[in-house]
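*Asks:* Protein chains in written order, with numbering that gives the first Met the number 0: chain A, 0 to 102; chain B, 0 to 120.
Some hints here could point you the wrong way.
To be verified - Heads up, incomplete: computed chain A residues facing chain B, CB under 10 Å, no partners named: (1) G33; (2) L45; (3) L47; (4) Q50; (5) N100.
Stated by the list, open to error - Here are the in silico distance ranges between beta carbons for each label pair: (6) N82/A <-> L29/B: 43 to 49 Å; (7) V57/B <-> L28/A: 32 to 38 Å; (8) T26/A <-> Q79/B: 21 to 27 Å; (9) I28/B <-> V90/A: 35 to 41 Å.
Since the hints were made in silico from the structure, they are not lab data. It should be emphasised that the depicted structure is a prediction, and the values quoted were computed from it without experimental measurement. The beta-carbon is built from N, C-alpha and C at its ideal position, and this holds for glycine as well.
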Amino acid sequence: MVYVLIIISVICEVFASSMLKLSYGFTRLLPSLGFAVGMGVAFYLLSLVLQALPLGVVYATWSGLGTILTTFIGVFYFREKMNKTNTLGIVCLVIGILMMNLG
Amino acid sequence: MRAVLLLFAAILFEVIASTSLKLSEGFTILIPSLTVFIAFIGAFFFLSLALKSIPLSVAYAVWAGLGTALTAVAGILLFQESFGWMKAAGLFLVISGLILLHVKNSRRTKKSRHFPRARHA
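This is chain B alone, in the form it adopts within the complex (with noise of 0.2 Å):
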């Protein structure tokens, strides 16, 4: 469960950075522009710490799927941006292929540390 509350953590830490980015215009608004740093900093903090006890493969596969659609979001209520069916379904299709490869990346990883790379070439 603490672990679950590090990975959300971490995808809120993502979140807050890419709005800022859009926000820093370029980075030449200073405030917008620091909490670029420090939220992706703190992302990857919190994203180590859950990495402790949830597996890479799972752990990726949300923190991308998530942190896209929490994105979508943000940009809809603080950004007012359109979106209608064809971007709805895109963002579905979107997420959709994001957890098929992380998933499958990493448990490839896992596997070649088993199988050495020889076997595969």
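Here chain A stands alone, though its shape is the one from the complex (with noise of 0.2 Å):
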């Protein structure tokens, strides 16, 4: 349960980040509205995380699954190409956030 609130909290942060870059500066309505929304949601909901499991590890998880998330919205969505560097961040990033969660 607590691990599909992180996917969730992560989720609403790269909206939001997503958001952040459409707003222009917060000077178009709708997309800095998204950005609060989607934040405020984010943290909260990490912070419901941090009550059960250590700040490392969540923070650790939390920042690794955020960054993969984006190189696959940048490959899926912007059709960017995956290569041997983002191949092996995003394997470093799984087994890292595996070890830190079982360790």
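With the hints as a guide, bring the two chains together.
*Replies:* See below:
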């Protein structure tokens, strides 16, 4: 259950970051609101997760999953190519996140 | 040198924010909850100043990598979180992965400015 919350939180944070870019320095209303709501939900869920799991593990997992999701959006949505560097990066993150959560 | 100090200030504020998030116990305690907001605004403020002279790829990689490492240290020191070899190795891999992907992501962004999207599609 806690891991479902982390995943929803990561999705909200990546959504908020995308809205931040689209808001062009908070000059457009809807993306600015999207950023505020997305970040609010992301951090509220993260605060709930932190009540159950250790800070070091949660933060590493959260930033790692966020980076993986951002990379996948780049590949599937903007048709960017996977290469050795980002494949190695994702492998490191997946193994690292599993080790931190199981260790 | 000034930009490096600004980047470290941004990282420090990020660690204060994540630590306060834990202390806020689901945003039910007032002072840590307010600190989360103020520290995150501070982190982004100093990051934006640092970005005036440090390249985006380097700044993001250092910010993500060092922020994650220091947050783990804060967890060990302030909340007595356990830290065996498996967690240490996992943390090392996560930081490596963050650096690899952030350097890559930002470089790609810079490149796509020179080569319009149509070329990739």
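*Asks:* Starting from the hint list further up, note which numbers the structure goes against and sort them upward.
*Replies:* 1 and 8
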